[in-house]
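As given, the protein sequences belong to chains B and U, one line each in that order. So the first sequence is residues 1 to 450, counted in the UniProt record's numbering. So the second sequence is residues 1 to 450, counted in the UniProt record's numbering.
A hint or two may mislead.
If several chains are the same, the list does not tell them apart, and a pair holds so long as it fits within one copy or across any two.
Below are the BS3-like pairs computed for lysine-lysine, each with C-alpha atoms no more than 27 angstroms apart in a straight line [as the list claims (entries may be wrong)]:
(1) Lys312 <-> Lys353
(2) Lys312 <-> Lys330
(3) Lys312 <-> Lys31
(4) Lys48 <-> Lys10
(5) Lys353 <-> Lys449
(6) Lys184 <-> Lys271
(7) Lys33 <-> Lys312
(8) Lys168 <-> Lys449
(9) Lys271 <-> Lys353
(10) Lys18 <-> Lys348
(11) Lys271 <-> Lys348
(12) Lys48 <-> Lys330
(13) Lys10 <-> Lys184
(14) Lys48 <-> Lys76
(15) Lys3 <-> Lys31
(16) Lys18 <-> Lys449
(17) Lys271 <-> Lys312
(18) Lys109 <-> Lys409
Quick caveat, the hints were computed from the structure, so don't treat them as lab data.
Residue-level listing of the chains:
There are 2 protein chains.
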Amino acid sequence: MVKEAVELHKDKFIEQLKEYLSIPSISSLSKHKNDVREAAEWTANALKEAGMENVEVISTDGHPIVYGDWLHAEGKPTVLVYGHYDVQPEDPMDLWETPPFEPVIRDDKIFARGATDDKGQLFIHIKAVDLLMKEDGELPVNLKFVIEGEEEIASPNLAPFISENEEKLACDAVVISDTSFIEKGQPAICTSLRGALAMELIVTTANSDLHSGTYGGGVPNSIHALVQLLDSLHEENGRIAVDGFYNGVPEPTEALRKEVAEVPFEEERTKEDLGLETLFGEEGFTFQERVGIRPTLEINGITGGFQGEGLKTIVPKEASAKISCRLVGKQDPQRVFESIERHIHGFKPAGCKVQLQPYITANPVAIDSQNLFIQKAASAFEEVYHASPLFPKEGGSIPIVEVFGRVLKAPVVLMGFGLPTENLHAPNEHFHLENFTKGLETVCAYLKKL
Amino acid sequence: MVKEAVELHKDKFIEQLKEYLSIPSISSLSKHKNDVREAAEWTANALKEAGMENVEVISTDGHPIVYGDWLHAEGKPTVLVYGHYDVQPEDPMDLWETPPFEPVIRDDKIFARGATDDKGQLFIHIKAVDLLMKEDGELPVNLKFVIEGEEEIASPNLAPFISENEEKLACDAVVISDTSFIEKGQPAICTSLRGALAMELIVTTANSDLHSGTYGGGVPNSIHALVQLLDSLHEENGRIAVDGFYNGVPEPTEALRKEVAEVPFEEERTKEDLGLETLFGEEGFTFQERVGIRPTLEINGITGGFQGEGLKTIVPKEASAKISCRLVGKQDPQRVFESIERHIHGFKPAGCKVQLQPYITANPVAIDSQNLFIQKAASAFEEVYHASPLFPKEGGSIPIVEVFGRVLKAPVVLMGFGLPTENLHAPNEHFHLENFTKGLETVCAYLKKL
């Protein structure tokens, strides 16, 4: 019955989605501030039209948060749907086959910035409400929407908003569609996200660059000191050599290792695709474990001394590196930062000043795949796609997921409808319309099952 | 008698020098190509006016070489004077008190780009010829001038020119005034220059930057590999850890160590001036030895991965570093390069491609301070300045000095008239007029003594 309703309305829904995607709501560029607000208003209207109540566009220090609810399903669980209406910048512009904010459909895919991340996926939930309301005049569960406009800039205002509105946002589960299938036809419910910790290490040895003819060999060199410090962070076998770094990292159980091993991975193809001579990582773990359930410490950038063409024979006064860690289990970002800071000060070569500046942090997230809200989502996927979803452990971090889970004390259901090939954050981003329509069926089925 | 002649003509000479300095002959900037040629013509005219013969402006693949000779002092030695008429770029412009190519005199110093490096010092030799010719109608020695316009860009065309014109340039000694006193009133004849070898090390691990959430911990990281390689180049005590690097480095004799120790050095003042917490270098050697007579390996620049503000969580595909060595004794730049190459390949971490690209090389130079041409120069300095010159070992490199000495088989007399405080290569470059006039006396006295 839902299937027929989807068939009946999908053309109109897709036209509406095109309108949504044509708003260039790039949150990181201040010149698009009004476009971001326009997308917030558009989202709020779409919620109202679908039948949501108490719809608000809530101003913050940055871009607005859109809220709406429908709370008349007495005795039924309350589900909070989270999504974001902001998008990534479009550059590099010249690689787009069609303009990023002029949505077009080719091969049953809709091409536009934000198509899969996250307007297209979010719109599934809004239109599922619309369909259910059309069908029954009411919803099978209590529903709340929290839709932000700052996901692509690390949600600076949403985390405090959640903490300050614990009661308003109280729910039994948080549902987010902002992740991907394993591949076409193989749904996935992500049950683990690594935490994140980033920092910059700055080493200073003198008040100016010095001539290497006059001073070379007789004074400290900031780059020498930096490489010495950075090299001390790992053992040769890939293990991180920072005392206390692994505190809180659980030994993987056999069951977990088995679950991780189930996620498909082709070593030769990966090496060829990425141009790698070999894989490399912590001894004793598989590639999938290293990138999914083990913590990491990676240097993301390094700079110091002369950067131009050719050569300048200087002893550089300053050098710096950007470092980020992925965290798992009960690793605490603040404690990990402190252990790295202690390590750096302990290994500091003579004659240099070091400064370690923390940036973003996020706690790791682990979700029990046996939770009822996850199992019902799995069963909705099965019903529509005729395939059991896998439960992958994502190596990346979505900081807000941990905040939702922790503050609202509710399981987070990461039921994504994207595909890993849909160019998110890249030119020619798109979304498969098959997953838009099947997504509508899946969400309707899910809410009914609850 | 020379003293009187200097007094009589110095105002006119300084006016001419101002004209010379007003030509912006910046060899590194192609937009100044015509200015560089104008300076070459100006130099050639000045040589002719002074009384030199066979004056030529010789075209090369780059900027011209100016040649002139006077060979009528039968039975007397032949001296070749080398200098350069090209100058460094003027930037940073905003730190100049007066425009770099509008020479002015303040406090008995002439301020302009090229004042001390090297037009002012070179002009001493041209005007010494003028004075001697005015006085006697002839010169006390046979004289050749070779003046290039590419010293500031590493003399790419002069070295082959010398090799191809061995006979034309044959001489008993090469005299160069392009170095400095120890301090005001304390002349110096440099008797050692370190050699130089520069290179770039490039490490590649993948064909694109990879997302650290998806691949971090499971693939090689080019910056990790680079810092590991760079860190392996030194021992903790500052000694260079490359097998074979020290081949050809002489153990310093007690006499040499004494000579080096005589050059004044104030540790506390140096540390304060440069903002150093401590000095650092090869164990078992003093600061003066480390920067003067020991070889070095310094990282001059490093770059890789994300360079912008904030953070980008990537595993970088490529990282690189610029490295330069100062060489001494019988170290051969080519062999040292090969030993570093072997080291790099031997220590190469798994999964990375390394490339080591050589740049400039120069052999080290050691000049026997007991040579007659050096001793006569010392005695000329003494006569005019009433101070015995010191014989410092310079840490820097002037590649062409070694070529002159080796190809022409003649001692090189580095009798500089600059002061270490005269801002060469920096804003507000200047030259003390006292050393211009006393320089004239010294050079006249020197040529007569030969």
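Notebook entry, point to check: Hints broken by the structure, by number, lowest first?
Noted result: Numbers 5, 10, 12, 15, 16, 18, in rising order.
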